[in-house]
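*Asks:* In terms of UniProt numbering, the sequence shown has 21 at position 21, counting the first letter as 1, and numbering is strictly consecutive.
Source of the hints: derived by calculation from the structure; they are not laboratory data.
The structure displayed is predicted, hence computed values, not measured ones.
It is possible that part of the hints are untrue.
Quick list of in silico lysine to aspartate or glutamate cross-link-like pairs, DMTMM-like style, CA-CA up to 20 Å [to be verified]:
no., residue 1, residue 2
1, LYS131, GLU67
2, LYS118, GLU106
3, LYS131, GLU68
4, LYS192, GLU165
5, LYS77, GLU67
6, LYS119, GLU106
7, LYS77, GLU55
8, LYS77, ASP29
9, LYS131, ASP97
10, LYS112, GLU55
11, LYS171, ASP151
12, LYS112, ASP97
13, LYS77, GLU43
14, LYS184, ASP163
15, LYS129, GLU68
16, LYS112, GLU122
17, LYS164, GLU67
18, LYS184, GLU165
19, LYS119, ASP151
20, LYS77, GLU122
21, LYS129, GLU165
22, LYS192, ASP181
23, LYS171, ASP181
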Amino acid sequence: MIGRLSGILLEKNPPQLLVDVQGVGYEVDVPMSTFYNLPHTGERVMLYTHLTIREDAHLLFGFGHAEERAVFRQLIKISGIGARTALAILSGMSIADLSQAVTRQEAGRLVKVPGIGKKTAERLLLELKGKLGPDLGAVGGVAAVPDAQTDILNALLALGYSDKEALLALKTVPAGASVSDGIKQALKALSKG
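Please take these sequences and the hints and turn them into a complete structure.
*Replies:* Below, the structure written as structure tokens:
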């Protein structure tokens with residue numbers, strides 16, 4: 001199997017790359033998260049890869065980080081999730097956001113990804129539960145919050161506030177506040193902003 005490629009980046013045509021490895025050009029499909037972090041053409045690049053062999057094609061997928069490849073491999077194990085859909089998920093949300101959505105069982109965040117419907121999102125949440133390792137975090141790299149604060153955050157998200165707005169409002173809530181008091185205080189903070 002091809003587990004890693006290191007060579008010169010010849011072409012970038014989203015989502016596909018052409019990487020020259022000692023005279024052999026490899027076509028590699030990458031998620032947009034990897035694509036945005038690529039060097040300029042003509043420069044060296046290193047990608048972790050996953051090779052898929054089908055009856056009609058050999059497909060090579062590349063990732064900027066081993067963790068991203070591991071999540072891709074978890075996704076394609078799920079019935080009904082192919083490599084293209086897995087790439088779309090990794091292009092549409094960060095690994096931390098995906099992990100948080102799974103931990104909190106938030107299907108609404110997954111259906112925002114093109115090609116993911118409600119049933120597919122629910123199946124993803126069910127099958128990925130406990131398989132993405134510890135909660136890789138919360139939104140925007142903020143550490144996971146205690147239970148009452150999680151409920152307050154979920155309430156704010158359900159009311160239509162963005163992740164960023166909800167987290168900023170949550171910072172104004174005292175640590176020992178009850179869920180109902182916390183929601184009131186957070187909403188007050190949001191109305192001032």
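*Asks:* Now tell me if each hint is right for this structure.
*Replies:* Hint check results:
At most 20 Å may separate the alpha-carbon atoms for a hinted pair to count; LYS131 and GLU67 meet this at roughly 13 Å. Between LYS118 and GLU106 the alpha-carbon distance is near 11 Å, which keeps this suggested pair within the 20 Å criterion. Between the alpha carbons of LYS131 and GLU68 the distance comes to roughly 13 Å, so the proposed pair stays at or under 20 Å and holds. For the proposed pair LYS192 and GLU165, the alpha carbon gap of about 12 Å is at most 20 Å, so the pair holds.
Between LYS77 and GLU67 the alpha-carbon distance is near 16 Å, which keeps this suggested pair within the 20 Å criterion. Taking the CA atoms of LYS119 and GLU106, the gap is about 12 Å. The hint holds against a cut of 20 Å. Among the hinted pairs, LYS77 with GLU55 is consistent with the structure: their alpha-carbon atoms are about 18 Å apart, no more than 20 Å. A hinted pair counts as satisfied when its Cα atoms are at most 20 Å apart, and LYS77 with ASP29 qualifies at roughly 18 Å.
At roughly 14 Å between alpha-carbon atoms, LYS131 and ASP97 fall within 20 Å of each other, so this suggested pair holds. About 32 Å separates the Cα atoms of LYS112 and GLU55, which puts this hinted pair outside 20 Å; it is violated. With a CA separation close to 14 Å, the supplied pair LYS171 and ASP151 stays within the 20 Å bound. Distance hint between LYS112 and ASP97 is fulfilled; the C-alpha atoms sit about 12 Å from each other, no more than 20 Å.
For the hint pairing LYS77 with GLU43, the CA-to-CA distance comes to about 34 Å; that exceeds 20 Å, so the pair is violated. For the hint linking LYS184 to ASP163, the alpha-carbon distance of about 17 Å falls within 20 Å, and the restraint holds. For the given pair, LYS129 sits about 17 Å from GLU68 by alpha-carbon distance, which is consistent with the 20 Å threshold. Straight-line distance between C-alpha atoms of LYS112 and GLU122 comes to about 13 Å, which keeps the hinted pair within the 20 Å bound.
As the CA atoms of LYS164 and GLU67 are separated by approximately 24 Å, the hinted pair breaks the 20 Å bound. For the hint linking LYS184 to GLU165, the alpha-carbon distance of about 15 Å falls within 20 Å, and the restraint holds. With a C-alpha separation of about 24 Å, the suggested pairing of LYS119 with ASP151 is violated against the 20 Å cut-off. For the hint pairing LYS77 with GLU122, the CA-to-CA distance comes to about 15 Å; that is within 20 Å, so the pair holds.
The hinted pair formed by LYS129 and GLU165 fails the criterion: a straight-line CA distance of about 26 Å is larger than 20 Å. Proposed proximity of LYS192 and ASP181 is supported: the alpha carbons are some 17 Å apart, at most 20 Å. Under the criterion of a C-alpha separation no larger than 20 Å, the hint pairing LYS171 with ASP181 is consistent with the structure, at around 14 Å.
Consistency with the previously given hints fails for numbers 10, 13, 17, 19 and 21, ordered from lowest to highest.
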